[in-house]
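Asker: Sequence:
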Amino acid sequence: MLARRSLLSSLPLALALPATLARAAPDDFAGFLAGVRAEARRSGIAAATLERALDNVRPNQTVLDKLNHAPEFTMTWAQYRAMLVTDKRIEEGRAAYRRNAALFRAVADRYGVAPPVVLGIWGLESSYGAKTGDYRVVDSLATLAWGSGRRPFFRSELMAALRILDHGDVAPERMTGSYAGAMGQPQFMPTSFLRFAVDFQGDGRRDIWTSTPDVLASIANYLARNHWAPGKTWGMEVAVPPGLDPALADRDERRSLAEWREFGVRRVDGRPLAGEEEAALLLPDGAGGEAFLVFANFAAIRRYNPSDFYALAVGLIGEDALA
1 MLARRSLLSS LPLALALPAT LARAAPDDFA GFLAGVRAEA RRSGIAAATL ERALDNVRPN
61 QTVLDKLNHA PEFTMTWAQY RAMLVTDKRI EEGRAAYRRN AALFRAVADR YGVAPPVVLG
121 IWGLESSYGA KTGDYRVVDS LATLAWGSGR RPFFRSELMA ALRILDHGDV APERMTGSYA
181 GAMGQPQFMP TSFLRFAVDF QGDGRRDIWT STPDVLASIA NYLARNHWAP GKTWGMEVAV
241 PPGLDPALAD RDERRSLAEW REFGVRRVDG RPLAGEEEAA LLLPDGAGGE AFLVFANFAA
301 IRRYNPSDFY ALAVGLIGED ALA
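Residue numbers for the sequence shown follow this note's numbering, so the first one is 1 and each next one is one higher.
To be clear, the hints were calculated from the coordinates, so they are not data collected in a lab.
Restraint-style ranges between C-beta atoms, simulated for each label pair: (1) Ala229 to Arg58: 44 to 54 Å; (2) Ala46 to Met75: 42 to 52 Å; (3) Ser43 to Arg110: 27 to 37 Å; (4) Ala101 to Ala229: 21 to 31 Å; (5) Arg58 to Asp199: 30 to 40 Å.
For every residue, glycine included, the Cβ atom is placed at its ideal position computed from N, Cα and C.
Starting from the given sequences, assemble the full structure and let the hints guide the process.
Answerer: The following block contains the structure:
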């Protein structure tokens with residue numbers, strides 16, 4: 001999402017849609033970099049850091065082409081779920097959890113975020129660390145800060161990336177990610193790295209590229225600092241009666257579970273709703289499609305990516321993998 005990676009999309013960033021480019025002349029790039037260096041030095045970033053990070057940077061035409069020419073498409077929730085909430089992703093998530101069960105518990109104890117949602121985000125963002133992107137982040141961000149239609153945004157992200165390098169969390173050649181600058185296994189944009197990445201491993205570096213402890217803790221810290229309520233869930237799939245007024249489906253209108261029972265809403269297994277929490281009804285494909293009741297924690301997932309589809313997929317992947 002924009003606070004984290006600043007590219008609005010219902011998909012993980014690897015599938016994000018493009019912004020509009022406004023190409024700059026190639027001979028502007030040297031002057032652009034000189035301005036970046038001057039701004040970075042004024043902000044206290046060491047000259048040696050800038051030399052190592054920027055000396056060999058060149059505009060990356062592939063980055064510009066990807067942002068400018070990615071195919072635009074829309075999909076229904078049913079299509080999205082079929083594409084991303086797959087048996088393969090769920091099985092891989094189950095295996096990833098088994099390998100790291102003690103770590104997931106330690107992260108949950110520290111941050112109050114239950115393992116399923118952390119697992120779901122990890123799985124959607126990078127297939128549990130298998131697909132993190134191999135673009136050099138500084139090169140990509142410099143290219144986009146110079147030649148895209150969102151120059152101020154990408155320049156801010158470039159400056160944040162330089163601060164990360166100056167801190168010593170990662171070397172420039174290891175700072176890799178998506179073509180748009182989302183980094184590592186949780187696909188944090190640099191500004192979000194500075195706010196939310198943590199050194200859970202305790203080696204003095206916030207390593208979201210290769211340290212599973214740092215990756216999982218950083219995801220959990222992101223959610224915790226965006227108002228995840230410990231001990232609560234995100235939501236559930238439900239069955240609604242025929243003829244239920246679809247106008248009742250509104251993410252911002254929560255009702256008690258007792259009220260939803262009166263409307264005839266039940267769990268998909270037929271059991272009645274139980275509990276005192278308030279929930280909102282979602283009909284992501286409209287009347288006749290799948291239905292969900294979502295609680296306050298659903299909003300915390302949406303702060304990671306502001307899409308109902310994404311947040312639903314995170315919840316379903318995590319729960320199915322640990323079922």
